[in-house]
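K.L.:
If you follow the hints, you should be able to join the two separate chains into one complex; please do so.
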Amino acid sequence: MLGALHEAGGPVTAGWVRDHLAAGLAYTTVMTVLGRLLAKNAVTRRREGRSFVWLPAADEAGLAALKMRRVLDGEQDRRAVLASFITALPEGDERLLRELLESGDG
Amino acid sequence: MGIFVFLPLVLPLTAWPIARLAEQRLHPRTATVLLTSVSTVMALCSTVCLALLMVVGTAQLPGNPLPDGWSDPEVRESVPRHEIAGKAAIPALLAVVAAGCRTLTRHVRVRRRAHRALAGLPRTEVAVLPDPVPYAYALPGGRRERVVVSTGMLGALASRERRALFAHERAHLAARHHRHLLLVQLAACANPFLLPLRTAVAYAAERWADEDAARAVGSRRAVAHAIGRAALASARPAPAPTLPALAAPGPLPRRVAALLGPAPAARAWPSLFTAAGLAVWTAATGAALSAMFSANSALTLLFLLRTAAPL
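Top to bottom, those sequences are chains A and B.
Each residue of the first sequence is one higher than the one before, starting from 1 at the first, in my numbering.
Each residue of the second sequence is one higher than the one before, starting from 1001 at the first, in my numbering.
Take these hints with a grain of salt, some might be off.
Stated by the list, open to error - Quick list of simulated restraints, FRET-style, between CB atoms:
1) A1158/B <-> A58/A: 39 to 45 Å
2) R98/A <-> S1271/B: 35 to 41 Å
3) R1123/B <-> E102/A: 38 to 44 Å
4) A42/A <-> V1133/B: 23 to 29 Å
5) G74/A <-> A1051/B: 30 to 36 Å
6) R1112/B <-> A22/A: 41 to 47 Å
7) L38/A <-> A1051/B: 21 to 27 Å
8) A1098/B <-> R98/A: 32 to 38 Å
9) Q1060/B <-> T87/A: 46 to 52 Å
10) A1265/B <-> E48/A: 55 to 61 Å
11) G35/A <-> W1269/B: 57 to 63 Å
12) E102/A <-> S1271/B: 33 to 39 Å
13) A1275/B <-> T87/A: 27 to 33 Å
14) T1274/B <-> R70/A: 44 to 50 Å
Hints were generated in silico from the structure; no laboratory data involved.
All values derive from a computational prediction rather than experimental measurement.
Positions of the beta carbon are idealized from the N, C-alpha and C atoms, including for glycine.
Okay, chain B solo, but in the shape it has when bound (with noise of 0.2 Å):
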């Protein structure tokens, strides 16, 4: 295996470019799909060499309930440092596992308690709920899936912009967005290399959905003046104080900044001799690697152990 094990593990740098590039270069769509699955390759690829690694670290602890054979010192040898790499894995494959089973469990029980919240309510596809705190979401569900709105919200809009809330609302269930969501967060559960990555997916979602909510309504500026006063009618007073000088804009004024700029091209891949063009060669290029230096490994270890240990 010797170096190639752990390349896998710092490979997501490879992917901080295009998330960084993502949002001005790429159409909402492309950066989503394509952040999504490097992300998600990137993450399972290091978390099988965590797992390679905690093997090798395993079967050096006394007491382990491991083959012996698989503490021979020919599978020790395969992996660099191993007396160090072995044994840091077995804590750091622990913590990526129960950070995703707590981001997983976290999803399944907030979309449960939303479903019950709503569940003694007509069967509507938008569900308004009584109350002044303005909010609108998504609700995902299968069948059940549903647009949350209070009626805080649909108070602060004029009716082409609660249009366009509703549209946008409805192109993050019709995309699957929070499958998007939920893989790029337990990929960064995996991997913290690739939190950028989360950042960008969450971001170029909202656009996405932002463009598709303007194609419904038949206009850009009609959902830039939604989300903005959306965002002013909840907009309290900031609980700490910042430094705006310094502040880069948020999520919101860069929202709505693109949707009164031009549409964006809907070209599906930028030149390659472009920055964006290299920067998602880059990423890819990352992924495949990524895969090919775990697939090798894991191979390389079966391998070893199958000579040290035979079955």
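Isolated chain A, as found in the complex (with noise of 0.2 Å):
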């Protein structure tokens, strides 16, 4: 059934699943797969209309992570909102901080 999703590339619904299963599954039991799939995580769903839309979980992990990257690169100042762990790193600031994290070694 992850095989059927991953092959849709794109959110899809219960239905467009069953039909693209070969094993000619009822609906429910179609539904019931993917509820259980949704509790380990494996697939996430959102509404749309009436009905929910399914995707892979690491599909949406990467969508995220495109969105997050927009979010990012689009906003020039993003320090200013978000607090980052690091900044941008000057060449004489990596030298001096590569000296530092040897000194704190030896």
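P.N.:
Rendered as structure tokens:
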């Protein structure tokens, strides 16, 4: 079933999954399995109109990563909003940092 | 009002010594809270005074919508050099308001877009995103707050360093550092003399989170190594040739050096008879004077306008 979702290449409905599975499962069976996969965080779903559309979780994370990159790249001064663990490191600082860490080890 | 209405515009200069000394002499938590408070008070006072000057300036413009009595000679004489100061205050206040609105909308927009990007993921405290570029952020947002970290960042760190990284970001969220950062940014929009305070608070908040993380993982060295490794992993070739001999060390080496050194004293306030103590009191006095002068000017103008144009 995860294979079918991956093949879909985008969010699809449970009906689509049933039609694309060779096994010829009942709609309720497809829903049950999707529900179990959801509980295991292997798939995610979101409401679209009156039904749910389903996505493999890995795709959802990749999608989120792309969107997040767009947010981060789009805002020049994003540091002003999101406290970042690290900032850009100029060349002089890089050398200094290496020296500091080496002396810390010694 | 006299000259007093101008003083809150330049009194932020009294906070420069402590903005400079805070990094070395104050506990990061004390520095963050103190500098944010001073900066917020001074920004408010400076904006109030700018607004008072603008009222006096606007009243003189022909065709202004203010009551005629407001351009009364007595009102004008209350501000020295009112013809220049009043008119200069109009674009200045407009610039302050525009810059403040831009900062605020950007803050809201980045947060909303970041939350929307993560909307499809399971509601876990930490969101791990598959991205080779190393980054880690604390994304505030009430119940939706979470730590966002890329696989690139996790891959660069050992397990102990990862714990330090998460502890650092959680410290940001727990202490609500984004509020401090937003306040000092808005303050710097209100009065450019407050810019050094913004830089100092941004650094102090990172140091605060570093120290909290060090306590959480039980090792200052682990946090120092996490910062160092993460920084070196994401280091890209410098875009332009710099003069390293002249450049002061940036914030990252300073944070690492601070963590490898002794822990900062938890004692809240330095004694008055040290440079830092003196600087703290100078800034506090500056903030108090700002508040006094702006309140005094506001009341004076209110009374003048009342007598000039009885409602």
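K.L.:
If a hint holds in the structure, say so; if it does not, say that too.
P.N.:
Quick rundown of the hints versus the structure:
no.: 1; hint: A1158/B <-> A58/A: 39 to 45 Å; in the structure: 25 Å, violated
no.: 2; hint: R98/A <-> S1271/B: 35 to 41 Å; in the structure: 38 Å, holds
no.: 3; hint: R1123/B <-> E102/A: 38 to 44 Å; in the structure: 41 Å, holds
no.: 4; hint: A42/A <-> V1133/B: 23 to 29 Å; in the structure: 26 Å, holds
no.: 5; hint: G74/A <-> A1051/B: 30 to 36 Å; in the structure: 34 Å, holds
no.: 6; hint: R1112/B <-> A22/A: 41 to 47 Å; in the structure: 43 Å, holds
no.: 7; hint: L38/A <-> A1051/B: 21 to 27 Å; in the structure: 55 Å, violated
no.: 8; hint: A1098/B <-> R98/A: 32 to 38 Å; in the structure: 43 Å, violated
no.: 9; hint: Q1060/B <-> T87/A: 46 to 52 Å; in the structure: 47 Å, holds
no.: 10; hint: A1265/B <-> E48/A: 55 to 61 Å; in the structure: 57 Å, holds
no.: 11; hint: G35/A <-> W1269/B: 57 to 63 Å; in the structure: 59 Å, holds
no.: 12; hint: E102/A <-> S1271/B: 33 to 39 Å; in the structure: 37 Å, holds
no.: 13; hint: A1275/B <-> T87/A: 27 to 33 Å; in the structure: 28 Å, holds
no.: 14; hint: T1274/B <-> R70/A: 44 to 50 Å; in the structure: 49 Å, holds
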